[in-house]
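Novice: Residues per chain are reported as follows:
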Amino acid sequence: MQTGAQATGGRNRAAGADLWNRELLGHAARDSFRKLNPRWMLHNPVMFVVEVCSALTTVDALRHLFAGNLAQFNFVGQISAWLWLTVLFANFAEAMAEGRGQAQADALRRSRTEVTAKKVVASGIQQVPGASLVKGDIVLVEAGDVIPGDGEVIAGIAAVDESAITGESAPVVREAGGDRCAVTGGTLVISDQIRVRITAGRGESFLDRMISLIEGATRQKTPNEIALAILLAGLTLIFLVVVVTLAPFARYSHATVSVTVLIALLVCLVPTTIGGLLSAIGISGMNRLLQHNVVALSGRAIEAAGDVNVIMLDKTGTLTLGNRQAVEFRPLPGVAMEELATIALLSSLSDDTPEGRSIVALARGTHGAAADPAGAEFVPFTAQTRMSGINRGAELVRKGAGDAVAEFVRSQGGEIPGELEGIIAGIARSGGTPLVVAVNDRCLGVIHLKDVVKTGIRERLASLRRAGIRTVMITGDNPLTAETIAREVGVDDFLAQATPERKMEYILSQKREGYLVAMVGDGTNDAPALAHADVAVAMNTGTMAAREAGNMIDLDSNPQKLMDIVETGKQILITRGALTTFSVANDVAKYFAILPAMFVVVYPGLQALNIMHLTSPETAILSAIIFNALIIPLLIPLALRGVTYRPVGAATLLRNNLLVYGLGGLILPFVGIKLIDLVVTALHLVQTTVR
Amino acid sequence: MTVPGVLQLLVFMAVMALLAIPMGRYMHRVFEGRRTFLDPVLVPCERFIYRFCGMDPTAEMHWTTYGLALLALNLAGFVVLFALILLQQVLPLNPAHLPKVPFWVAWNTAVSFVSNTNWQVYGGESTLSYLTQMWLTVQQFLSPITGICFFLAVVRGFSRQNTDLLGNFWRDFVRTLLWISIPGAIVGTVVLVGLGSPQNFSPYTVVHTLQGASQTIAQGPIASMTSIMQLGDNGGGYMNMNAAHPFEAPNAASLLFQLLLGFLIPVGCVYLFGLMVKDRRQGWAIYATMALMFIPLTLIMYHAEAAGNPILAQFHLSGTANMEGKEVRFGPALSSLFNSGTTAVSWGSIAAANDSMTPIGGLIPLFNMMTGEVIFGSWGVGMVGMLAYAVLAVFLAGLMVGRTPEYLGKKIQAFEVKMSVLAMIVPSFVILIFAALSVMLKPGLGAIANPGPHGLSEVLYAFASGVGNNGSAFGGLNSAAPWYAATVGFAMLFGRYPMYLPLLAMAGSLGRKQRVPVSAGTFPTHGAMFVGLLAGTVVIVGALVFFPALALGPLAEQFAMQAGRLF
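Sequences listed follow chains A and B, in order.
Quick note on numbering: numbering that gives the first Met the number 0 labels position 88 of the first sequence as 87, and the sequence is numbered without any gaps.
Quick note on numbering: numbering that gives the first Met the number 0 labels position 465 of the second sequence as 464, and the sequence is numbered without any gaps.
It cannot be assumed that every hint is accurate.
Straight-line alpha carbon distances no greater than 25 angstroms define the calculated DMTMM-like cross-link-like pairs of lysine to aspartate or glutamate that follow [as the list claims (entries may be wrong)]:
#1 Lys510(A) / Asp354(B)
#2 Lys510(A) / Asp492(A)
#3 Lys510(A) / Asp163(B)
#4 Lys34(A) / Asp59(A)
By construction, these hints were calculated from the structure, which means they are not laboratory data.
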């Protein structure tokens with residue numbers, strides 16, 4: 000059942016793929032009966048009304064049975080059965096949604112086994128149960144130990160297996176200081192040892208929060224869900240009054256209308272379809288985010304993600320590949336391209352930075368250069384020299400920033416050709432980084448290093464723009480370089496020479512204009528900006544400060560996720576709106592089925608309203624009720640999967656959805672009720688009075 | 000149906016659209032405090048009023064203060080009027096020594112004239128003293144102004160941002176009275192006199208007819224009274240026959256002019272709305288929605304009336320058209336336009352008897368009122384009702400664009416939904432519950448003249464008219480009976496004020512919100528799709544709520560009529 004939006008779900012796809020998993024179904028079926036408890040039903044006023052109606056019709060049916068009125072018992076009994084099924088179907092939808100998250104929660108809980116922590120106390124190391132640790136305690140974790148709680152590495156470096164929470168088997172490095180100091184309880188240290196300062200007490204760790212979120216124990220309703228619930232309660236109340244007042248109108252018109260028929264009308268009118276599926280949509284939305292390996296720390300954040308109209312993206316790693324790549328050699332006049340390529344290759348053979356490797360690849364691949372590094376001595380890059388290279392006997396090969404290499408050449412007694420300045424400026428203007436290559440006192444030329452835009456990113460940004468979302472690139476580059484890359488990538492705006500203050504200032508200025516801002520961050524210096532962003536996604540590899548400031552955590556630490564998150568947020572809202580529209584539109588057909596059935600005896604002319612030509616009043620009412628019940632399980636896959644979202648403008652999106660769910664919701668029940676009526680008639684489910 | 004009959008409707012709507020522009024602009028100038036050509040005369044009057052009453056017109060108000068001022072003024076008007084009616088027998092200016100008015104009639108009348116309903120359960124000349132009648136005229140002037148103030152406060156909630164303040168009630172009230180009500184009534188009077196309505200203080204004329212009988216011709220300051228009641232969408236006419244009387248509307252031109260007069264301020268409000276939110280397309284979208292509903296509804300009514308009653312048609316008494324209860328000078332086309340128009344605009348003046356319409360012909364005015372009189376509506380109130388529907392429509396459909404729904408840049412969230420649902424369900428509840436009680440209880444049943452589906456229509460109409468503050472009557476119902484005098488009084492009360500507070504609260508909440516900038520992800524609320532969506536919401540919500548009741552009333556009657564049975 001996996002489609003579109005979920006295809007990026009990654010390795011957890013397997014867990015979500017089997018929507019109709021047998022075990023899951025059995026569990027959900029049992030749960031849907033357990034949820035019949037009226038106290039549980041009260042949280043959903045629409046379905047609570049249906050449950051009360053089911054109980055009332057059951058009593059009515061039994062009354063007919065004991066009175067020996069079997070024909071009436073047959074009719075009322077069937078209505079009652081279908082009403083109970085309506086409630087059960089709604090419960091089933093919710094149980095299904097919960098069940099899909101439950102599996103993941105169980106896996107997490109298994110990882111939260113009791114561990115013995117090596118607590119660092121004044122007298123040395125003390126063995127204590129992991130549960131007794133409080134915020135601020137310091138523990139020693141050695142290879143093979145499970146980290147007893149969330150915390151920060153304060154000393155040491157270690158490889159940590161975090162597969163318990165991320166599903167990723169490759170270990171990650173955690174070290175004191177910097178942006179990779181956060182560790183999560185329940186993960187396993189594979190090598191070395193670290194000292195960890197515990198930052199979360201029992202029950203409030205990241206793992207605990209994740210489990211409770213997934214299990215829905217702390218699932219708060221999102222703002223739009225609350226607003227929709229109010230509207231649904233209002234509609235239910237209106238229809239309750241409509242049906243209750245219909246009884247006196249009917250009596251005034253000398254029509255006999257039984258309580259069961261009035262109840263049938265009420266249940267058909269109240270928005271049971273969306274009422275039954277509402278919580279399933281919310282729960283499955285959170286599950287879909289989990290399939291993207293994103294944990295939302297509040298439902299509000301998921302919804303805000305749908306509303307976001309400005310997205311701030313880090314240039315490096317998100318929009319461009321993390322590393323600059325050599326794309327071109329620019330020899331100075333009088334220097335052969337082969338010579339430059341050969342020297343560039345020579346200078347980089349021992350340089351295993353990504354830039355160095357890309358120079359080797361370019362020299363060998365495009366220019367067929369070859370060099371023998373025998374006897375060469377590597378000169379590594381330092382912040383002082385801002386150059387690297389090799390010394391091979393008297394031959395000193397250098398590559399580095401323009402002014403640094405120029406200084407070197409002059410110190411060797413060489414001259415700087417006038418053309419060099421122009422080449423360097425040209426490369427910088429185009430958004431690239433120039434590396435000047437020199438041998439002793441001779442300047443040979445320039446290597447053009449360029450940020451390489453990730454494939455597909457342009458299209459992704461264009462689709463965001465169609466959905467009305469502005470993208471902003473954050474970069475430490477100078478404005479000139481930033482502008483070039485911004486144009487190449489296709490972002491709407493950029494923030495060059497970004498500092499934590501400038502990022503926060505930018506977010507605040509956008510918010511003052513009414514924009515909702517989403518941002519991804521990992522470092523501690525991102526924390527102030529994250530705290531102000533409406534949707535703040537912290538990388539799981541990030542610091543504890545960043546994770547505390549964020550309202551979502553990306554377990555894969557893939558900043559491009561932000562776009563998936565936005566789309567999931569929109570999908571949840573669209574699904575709710577679509578099913579509500581569908582549910583309300585359905586009512587029109589149900590009126591045309593039930594009203595003539597109710598009053599055709601007193602006003603035969605009302606038969607004209609029976610435009611579906613249903614067989615008899617009894618089959619009409621039963622068919623409407625059956626349709627009303629069956630539509631819920633039929634829409635469960637849609638509720639769990641979400642309405643397909645395409646990044647197009649709001650007007651187009653609305654027109655398409657209105658056509659499908661509005662017009663479809665108007666027409667479909669006419670067809671459905673007619674078909675059910677044919678079946679009901681063919682099976683002689685109820686006695687049909689012949690007119 | 001004839002081509003000129005249909006054209007008349009279309010031309011009327013086009014003329015109204017053109018008139019909306021200058022009217023809306025003028026009102027915008029007035030409320031923005033910009034110069035108008037009337038300033039030399041009116042500004043001193045305005046200053047005098049503020050000084051005399053000790054008001055500070057520059058002090059902006061929170062929604063609660065604004066609402067309190069509005070309610071306080073209405074309550075004061077009610078108390079004075081109620082006391083005047085109850086005590087008229089001991090008060091001066093009662094030369095005819097008219098006796099004490101029954102309690103429930105007094106209650107009904109007081110609520111009626113304060114709430115701009117002008118539902119009349121009494122015969123004026125035989126029940127009320129001159130003093131009472133004079134005060135009723137004052138109320139006819141004042142009650143619609145409250146609606147404009149309400150409208151201004153609500154629209155300011157949409158047009159302002161990051162503020163708690165929604166304007167100053169007293170300033171809005173005084174400026175509407177001086178710049179709009181009074182000049183409008185004067186111009187209206189002059190034109191009506193020009194079109195042949197009498198304006199005099201002469202005694203009634205007694206004439207002898209050809210058959211030798213003598214007849215008393217009533218007259219008086221008819222032009223000015225008519226002008227006030229039509230401009231203010233009051234509908235409480237000078238003559239019992241209302242606009243069907245030859246002195247109130249001597250000819251079709253006069254009747255059409257009155258129709259223009261009644262529509263003028265409501266359409267002006269629609270355009271003013273566009274100006275206030277600084278996007279005239281928003282105003283036009285609302286105008287288009289209203290026209291899109293009004294034209295087909297009126298055509299259905301016209302069609303039903305022109306097709307007439309098949310049972311009568313077979314006797315070849317007249318043409319096929321249903322002329323019962325209609326003025327021959329106007330015929331079905333203009334009568335349909337007028338009666339549909341005066342129920343769309345919460346107005347209540349009539350040019351033909353609704354009770355005598357075909358069932359479908361009677362259904363249209365009923366439906367106009369049941370949907371909340373949001374098709375233009377009376378001064379400002381209908382426009383606000385339409386905005387409440389727009390909030391709901393945008394909320395429902397807006398979710399489908401994948402964002403928290405926005406209208407005019409303001410996010411529609413739980414509080415706004417709660418308030419607009421509240422404003423929408425209370426009127427429906429009142430109509431349905433009072434009508435249900437009336438057909439259950441003896442005092443209610445006893446006053447119904449025509450049992451069967453027609454009687455149900457009469458009862459539904461009475462409460463729909465009361466709740467909608469329309470004031471027109473279907474007829475056939477003894478509305479002066481204590482049961483109806485009391486319950487319709489409550490209906491008028493519940494139909495107006497429970498809608499004010501939630502929507503003012505909504506405006507307060509909207510005013511505090513920051514406007515969301517428009518982008519490609521914003522659902523546009525000025526296009527054809529929004530117009531269709533909004534009209535669809537109004538019709539579907541109205542139909543879903545009232546379909547069962549209407550099925551047992553007008554629909555059952557129409558089908559029975561086609562089958563050869565009358566009630």
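Novice: If a hint holds in the structure, say so; if it does not, say that too.
Specialist: Status of each hint after checking the structure:
no. : hint                  : verdict
1   : Lys510(A) / Asp354(B) : 59 angstroms, violated
2   : Lys510(A) / Asp492(A) : 15 angstroms, holds
3   : Lys510(A) / Asp163(B) : 20 angstroms, holds
4   : Lys34(A) / Asp59(A)   : 23 angstroms, holds
Violated hint: 1 only; the structure is consistent with all others.
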